[in-house]
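**Student:** Each protein sequence line maps, in turn, to chains A and B. Sequential numbering from 40 applies to the first sequence in my numbering. Sequential numbering from 3 applies to the second sequence in my numbering.
Listed below are the simulated DSS-like cross-link pairs for lysine-lysine, each with C-alpha atoms no more than 30 Å apart in a straight line:
#1 B/Lys237 to B/Lys226
#2 A/Lys185 to B/Lys226
#3 B/Lys227 to A/Lys235
#4 A/Lys156 to A/Lys98
#5 A/Lys152 to A/Lys95
#6 A/Lys152 to B/Lys227
#7 B/Lys227 to B/Lys237
#8 B/Lys227 to A/Lys162
#9 A/Lys152 to B/Lys144
#10 B/Lys238 to A/Lys162
If the Cβ cut is set under 7 Å, some of the chain B residues that face chain A in the computed set are:
#11 Val8
#12 Thr22
#13 Arg122
#14 Glu149
#15 Arg150
It is worth saying that the hints were derived from the structure and are not from the lab. Using N, Cα and C, we set each Cβ at its ideal position, and we do this for glycine too.
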Amino acid sequence: MGESRDVTFRVWRGDASGGALKDYTTGITTGMVVLDAVHQIQAESAPDLACRWNCKAGKCGSCSAEINGKPRLMCMTRMDEIDTSVPVTILPMQTFPLIRDLVTDVSWNYEVKKRIKKFRPRKPDNADGSWNMAQADVERVQEFRKCIECFLCQDVCHVLREHERHPEFSGPRHFIYTAQLEMHPLDTEDRLGQLKDEQNIGYCNITKCCTKVCPEHITITDNAIIPLKERVVDEFYDPMTRLFRIFKPGKK
Amino acid sequence: MAQPDVHLPQRRAGVGFLKTARGDTWYIQPLLVLLGLGAFIVYSTWAAFVGVDYHCGVNGANYLSPFYSPLLFDAPGVEPSGHAWFGAWPSWWPAFIPASPALLILWAPGGFRFTCYYYRGAYYKSFWGAPPGCAVGGPHTKRYRGERRLPLILQNAHRYFLYLAIGFLFILAYDAFSAMWFVGEGGAKSFGIGIGTLVLVVNPILLGGYTLGCHSLRHLVGGKKDCISDNGAQKKAYDCVSCLNRGHMRWAWASLFWVGFTDLYVRLCASGVINDVRIF
Ligand code: SF4
Ligand code: SF4
Ligand code: FES
Ligand code: FES
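With the hints as constraints, model all of the structure from the sequences given.
**Tutor:** Here's what the structure looks like:
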């Protein structure tokens, strides 16, 4: 244990009707993360400060917030990687309705997810109801399964954050989810029409902020969104692939 | 089935152009992109319009600027370069358009870069501020339409530019090969290497790394299928393109810089500002 030094945190206090940043000073020791500091502030000076957390291991996706303006997990942001000579700001996510202090209501995401067409596997390959897959084929979607639903990518995406296209745009998290289903070797469902017209993947302008903030380091834009955009081009925009389809009936 | 809406009263106060809680130097990267791309656009536009000094034949060398390749016609009043596919400049060319052979072809590689997924993301940020940086407010809140409607929906034509760009790779590789043959006394050609040859050889290599790591190519060679493990060659091709694709941004910048530098080198040699050094 190193020595404790005092660091000031500028934390958002309030709810949807209004609020303000409030300063708290607490002692920081070696190895602490931002979530530790918030807990310490709760214990020392603000027992009513609302924050959500569960695992403290970067796996539950509950503690998302904006630390010095960057969407991050509080439990995975070490104090020694941030400049503490100036106050450290902690804001709630900006893209979801605020409940109180650092807690937002992310249930919009669950509603959006429900609307995405479900996994529909082909008929089992074997008599016992099992399937055969090559590892090389499932590998691609395994990256997407690492998602912990922290919704930091949704928070940073300007289409939701700036332009508030929540009714039309499902956001990077759900493109990951759609890619995970759509590229699965066993899946037979077709989600391209939904991607284009309901999830409106065309709003994404591939500026890659989602990829930059993902704590699981999922290559959201390059490995999920762009490949899906290319599939949408095949299906709806490219005159050549459309022409080919006329000669290849029944092929997806 | 529309998605539910959300109400964000907490946002109203914080929205606005360049508004952010970020205290770091987030603007450096978009600024560098702005300066880098801006410089290239200014230089390449100038170089495309001048229509002279695109071929260097000094001391028997045979260097053709990549901005002018393939050379369909030699520019009027310029000594024949030996590269022109269809010979002399056409007489029907309207007088009010500058007579530069680059204008006939440069739209293809230009369109390829313009519609490239990497450059799109980069210039939407740097030139258009959509968004200026991650978690930084932009200027377009109400009118934003992304790539969903005209005009940006046309970016989906990227794959067609890819087909052209692959053709350009072969042509530029041929130019690099041609740069290895120097014209000696009496018109006989002999093998040789000059600094210019090296410059022209590096060019298609970097362009190859860029073009063959294209997202549309990745889709084409295998990304569009869910299962490719049963086809060994296809799996290999997909893995190769994916590997180049991971460094797509770096390839994009390296090849952009080098293609501009190659033009500059040929131009300076052709106009006699510098002398090309023959290595052997
Ligand atoms: S790449 Fe697309 S989905 Fe990701 S943050 Fe940018 S606009 Fe949003
Ligand atoms: S994709 Fe990454 S940033 Fe987005 S919700 Fe999943 S883990 Fe979080
Ligand atoms: S508390 Fe679980 S991710 Fe931070
Ligand atoms: S995506 Fe960059 S060249 Fe195609």
